[in-house]
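2 protein chains.
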Amino acid sequence: MISIDPKNIPTKDLHQYLLGIVAPRPIAFASTVDENGTPNLAPYSFFNAFSSNPPIVVFSSNRRVSDNTTKDTLHNIEKTGEVVINAVSHSILRQMAVASVQFPKEISEFSKSGLTPVDSDLVKPPRVLESPASMECVMKEIITLGKHGGAGHLIICEVVRIHIDERVVDGNRINPHKIDLMGRMGRAYYVRASGDAIHTVVQSVLDISIGFDQLPQEVQKSTVLTGNDLGLLAGLTQWPNKEEIEAQLSPEERLQIASLTEDRALPQLHYMAKNAIREGLIKKAASILAFQENFSK
Amino acid sequence: MISIDPKNIPTKDLHQYLLGIVAPRPIAFASTVDENGTPNLAPYSFFNAFSSNPPIVVFSSNRRVSDNTTKDTLHNIEKTGEVVINAVSHSILRQMAVASVQFPKEISEFSKSGLTPVDSDLVKPPRVLESPASMECVMKEIITLGKHGGAGHLIICEVVRIHIDERVVDGNRINPHKIDLMGRMGRAYYVRASGDAIHTVVQSVLDISIGFDQLPQEVQKSTVLTGNDLGLLAGLTQWPNKEEIEAQLSPEERLQIASLTEDRALPQLHYMAKNAIREGLIKKAASILAFQENFSK
Numbered sequence: 023m024i025s026i027d028p029k030n031i032p033t034k035d036l037h038q039y040l041l042g043i044v045a046p047r048p049i050a051f052a053s054t055v056d057e058n059g060t061p062n063l064a065p066y067s068f069f070n071a072f073s074s075n076p077p078i079v080v081f082s083s084n085r086r087v088s089d090n091t092t093k094d095t096l097h098n099i100e101k102t103g104e105v106v107i108n109a110v111s112h113s114i115l116r117q118m119a120v121a122s123v124q125f126p127k128e129i130s131e132f133s134k135s136g137l138t139p140v141d142s143d144l145v146k147p148p149r150v151l152e153s154p155a156s157m158e159c160v161m162k163e164i165i166t167l168g169k170h171g172g173a174g175h176l177i178i179c180e181v182v183r184i185h186i187d188e189r190v191v192d193g194n195r196i197n198p199h200k201i202d203l204m205g206r207m208g209r210a211y212y213v214r215a216s217g218d219a220i221h222t223v224v225q226s227v228l229d230i231s232i233g234f235d236q237l238p239q240e241v242q243k244s245t246v247l248t249g250n251d252l253g254l255l256a257g258l259t260q261w262p263n264k265e266e267i268e269a270q271l272s273p274e275e276r277l278q279i280a281s282l283t284e285d286r287a288l289p290q291l292h293y294m295a296k297n298a299i300r301e302g303l304i305k306k307a308a309s310i311l312a313f314q315e316n317f318s319k
Numbered sequence: 023m024i025s026i027d028p029k030n031i032p033t034k035d036l037h038q039y040l041l042g043i044v045a046p047r048p049i050a051f052a053s054t055v056d057e058n059g060t061p062n063l064a065p066y067s068f069f070n071a072f073s074s075n076p077p078i079v080v081f082s083s084n085r086r087v088s089d090n091t092t093k094d095t096l097h098n099i100e101k102t103g104e105v106v107i108n109a110v111s112h113s114i115l116r117q118m119a120v121a122s123v124q125f126p127k128e129i130s131e132f133s134k135s136g137l138t139p140v141d142s143d144l145v146k147p148p149r150v151l152e153s154p155a156s157m158e159c160v161m162k163e164i165i166t167l168g169k170h171g172g173a174g175h176l177i178i179c180e181v182v183r184i185h186i187d188e189r190v191v192d193g194n195r196i197n198p199h200k201i202d203l204m205g206r207m208g209r210a211y212y213v214r215a216s217g218d219a220i221h222t223v224v225q226s227v228l229d230i231s232i233g234f235d236q237l238p239q240e241v242q243k244s245t246v247l248t249g250n251d252l253g254l255l256a257g258l259t260q261w262p263n264k265e266e267i268e269a270q271l272s273p274e275e276r277l278q279i280a281s282l283t284e285d286r287a288l289p290q291l292h293y294m295a296k297n298a299i300r301e302g303l304i305k306k307a308a309s310i311l312a313f314q315e316n317f318s319k
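Going down the list, the sequences are from chains A and B. Here our numbering is used: the first residue of the first sequence is 23, the next is one more, and so on. Here our numbering is used: the first residue of the second sequence is 23, the next is one more, and so on.
Hints listed in this document are in silico derivations from the structure and should not be mistaken for laboratory results. Hints may be right or wrong, so weigh each one.
Since the list gives no way to pick out one identical chain from another, each pair is judged satisfied if it fits inside one copy or across any two copies.
[Unchecked claim] In silico DSS-like links for lysine-lysine, alpha-carbon gap of 30 angstroms or less:
1. K162 x K93
2. K29 x K146
3. K101 x K162
4. K146 x K243
5. K29 x K169
6. K34 x K146
7. K101 x K29
8. K243 x K169
9. K146 x K162
10. K146 x K296
11. K127 x K305
12. K296 x K200
13. K127 x K243
14. K34 x K264
15. K305 x K243
16. K200 x K101
17. K200 x K34
18. K305 x K101
19. K200 x K243
20. K29 x K200
21. K200 x K169
22. K127 x K34
23. K264 x K162
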């Protein structure tokens with residue numbers, strides 16, 4: 023392991039380490055207006071939701087590491103108390119990149135990015151027509167985190183209206199493949215959060231699972247089964263008994279397992295369980311591994 | 023568009039909309055100890071970095087929507103003021119899921135998930151050996167965002183020590199493919215932020231780009247070029263002049279374009295530019311589109 027004391031490395035390097043570790047980050051594509059009504063649009067990835075009741079989102083417009091200046095978005099929110107946070111889908115990624123350019127203050131990033139401003143319902147800044155979802159927000163508080171280049175501000179906002187493109191919603195839940203969001207990584211990297219990159223993890227937090235420590239010793243120490251395989255087994259709420267094993271395994275499979283068990287062919291047994299896990303048959307995998315303790319004479 | 027007044031829908035639905043829009047979210051796999059030293063380990067995705075100087079990360083342990091109770095992690099940080107935030111790579115995803123189960127307080131999620139506690143340098147909670155990066159943190163402040171189920175707490179932490187597995191670092195920058203982080207989406211969805219899902223966007227924020235409004239009218243209105251195509255063109259710092267066009271296009275290509283231009287075959291010209299964009303040749307694409315204004319008689 024590399025161990026780093028944040029006080030002993032340049033801010034630029036520390037910044038990049040944080041960006042590389044705290045990822046992928048959601049993007050707040052923030053629309054604001056100045057006191058004259060001139061719109062501004064800029065992406066920020068020090069951003070997240072933090073509460074649903076009340077609905078609170080927080081983002082930071084940081085002091086620039088290069089010259090310790092602050093940004094138009096921050097000035098505008100300090101003046102007007104309002105912001106619209108738009109989501110960034112893959113379809114507008116390159117237009118978002120153009121809006122990140124430091125154009126002079128009087129230039130509208132809407133014109134420069136070719137994105138379309140649409141009047142909001144409750145706040146002055148417009149939302150982005152092409153964005154799959156927008157949140158009209160009222161600033162509650164700004165907390166300043168430092169005075170030097172790289173220092174952040176927590177811009178704490180309450181969501182007062184949400185707009186969602188009906189094409190990205192199934193029932194009353196958002197479909198990640200349809201909303202097709204981009205997340206921010208370190209350096210010039212982004213992640214497209216749809217398609218094969220999406221994984222589903224079903225794990226009830228209320229049903230108490232057996233846990234790794236209750237798996238048989240030789241399973242815990244397996245050189246065949248990975249941490250994820252063991253996690254799936256540990257996530258079961260019950261280790262199979264005789265009855266469950268008979269329900270999960272065919273007579274032929276039981277014969278095969280009995281023979282492997284007799285030969286003490288542990289790796290082969292574990293590979294057999296691993297194949298069941300790959301097919302999503304976790305209870306079957308557990309039954310293969312629980313066979314010996316239930317059926318050996 | 024679906025428009026939602028957050029005050030007029032059930033917290034559960036509002037919570038899911040926020041989770042679906044504000045995504046992908048980084049995961050804070052938070053290790054804490056109670057006043058007796060009993061360790062706790064739990065994942066939170068209302069989490070991000072917010073400042074690099076000082077290095078500040080913030081996460082929220084929310085009041086449960088179901089029964090308005092608060093969580094062990096929050097109690098432990100209130101008591102001890104310390105937390106280690108571990109990154110979640112794909113390799114420990116299922117073990118993280120087991121740690122998310124609401125085991126009784128006296129049960130260690132380290133034992134249940136099979137993850138290995140390692141002593142920290144500066145704080146009492148252990149870090150996770152199998153995590154590719156860990157941040158030892160000292161709590162600076164906790165801001166309570168509400169009193170009802172779903173209400174968050176901003177747990178504002180300063181990073182005092184960072185540990186990174188040297189295998190995920192190239193030079194002094196983290197490689198997203200090697201750290202292989204998981205991000206949290208809505209419902210049971212996660213995103214794996216590596217491999218083909220990673221996109222690179224190079225856009226200098228300091229060099230002023232020409233912008234969408236300076237593209238030729240017929241390019242702005244193209245039915246062939248997408249928002250991303252136009253964003254790439256708008257992101258150039260200069261629209262090609264005669265000299266640049268001659269450098270970008272072969273004599274054969276110039277003949278072909280001249281003929282398409284003469285025929286007013288705009289879609290075909292735009293498809294030719296689109297192919298250049300697909301090959302990453304943005305200046306060439308712009309040269310195809312700028313040909314007419316520079317060379318037509």
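Taking the hints in turn, this is what the structure says about them:
1. When the C-alpha separation of K162 and K93 is checked against a cutoff of 30 angstroms, the pair qualifies both within a copy, at 19 angstroms, and between copies, at 25 angstroms.
2. Taking the shortest alpha-carbon separations for K29 and K146, only the inter-copy value of 20 angstroms comes in at or below 30 angstroms, while the best intra-copy value is 41 angstroms.
3. In the homo-oligomer, the alpha carbons of K101 and K162 lie at most 30 angstroms apart both inside one protomer (13 angstroms) and across protomers (28 angstroms), since each shortest distance falls under that limit.
4. With identical chains, the CA atoms of K146 and K243 are at most 30 angstroms apart between copies only, with a shortest distance of 28 angstroms across copies and 60 angstroms within one.
5. Proximity of K29 and K169 under a CA criterion of 30 angstroms is satisfied intra-copy only: 16 angstroms inside one chain copy versus 37 angstroms between copies.
6. In the homo-oligomer, the alpha carbons of K34 and K146 lie at most 30 angstroms apart only across protomers (29 angstroms), although the nearest pairing inside one protomer, at 35 angstroms, exceeds that limit.
7. With identical chains, the CA atoms of K101 and K29 are at most 30 angstroms apart between copies only, with a shortest distance of 26 angstroms across copies and 34 angstroms within one.
8. Proximity of K243 to K169 under the C-alpha cut-off of 30 angstroms is found in neither arrangement, the shortest distances being 51 angstroms within a copy and 45 angstroms between copies.
9. For the homomeric pair K146 and K162, the shortest alpha-carbon distance inside one copy (16 angstroms) is at most 30 angstroms, but the shortest distance between copies (34 angstroms) is not.
10. Taking the closest pair of Cα atoms, K146 and K296 never come within 30 angstroms of each other, the shortest separation being 57 angstroms inside a single copy and 37 angstroms across copies.
11. Within a single copy, K127 and K305 get their C-alpha atoms only as close as 61 angstroms, which misses the 30 angstroms cut-off; across copies the closest is 27 angstroms, which meets it.
12. For the homomeric pair K296 and K200, the shortest alpha-carbon distance between copies (24 angstroms) is at most 30 angstroms, but the shortest distance inside one copy (32 angstroms) is not.
13. Taking the closest pair of Cα atoms, K127 and K243 come within 30 angstroms of each other only across two copies (26 angstroms); inside a single copy the shortest separation is 61 angstroms, beyond that limit.
14. Taking the shortest alpha-carbon separations for K34 and K264, neither the intra-copy value of 60 angstroms nor the inter-copy value of 40 angstroms comes in at or below 30 angstroms.
15. Within a single copy, K305 and K243 get their C-alpha atoms as close as 19 angstroms, which meets the 30 angstroms cut-off; across copies the closest is 56 angstroms, which misses it.
16. With identical chains, the CA atoms of K200 and K101 are never at most 30 angstroms apart, being 36 angstroms at best within one copy and 43 angstroms at best between copies.
17. Taking the shortest Cα distances, K200 and K34 sit within 30 angstroms of each other only across copies (21 angstroms), while inside one copy they are farther apart (36 angstroms).
18. For the identical chains of this complex, K305 and K101 are neighbours neither inside a copy (59 angstroms) nor across copies (40 angstroms), given an alpha-carbon limit of 30 angstroms.
19. In this assembly of identical chains, the alpha carbons of K200 and K243 lie at most 30 angstroms apart only when taken from different copies (25 angstroms versus 41 angstroms within one copy).
20. With identical chains, the CA atoms of K29 and K200 are at most 30 angstroms apart between copies only, with a shortest distance of 26 angstroms across copies and 43 angstroms within one.
21. Taking the shortest Cα distances, K200 and K169 never come within 30 angstroms of each other, neither inside one copy (41 angstroms) nor across copies (34 angstroms).
22. For a Cα distance limit of 30 angstroms, the shortest separation of K127 from K34 inside one copy, 26 angstroms, qualifies, whereas the shortest one across copies, 40 angstroms, does not.
23. Taking the shortest alpha-carbon separations for K264 and K162, neither the intra-copy value of 59 angstroms nor the inter-copy value of 53 angstroms comes in at or below 30 angstroms.
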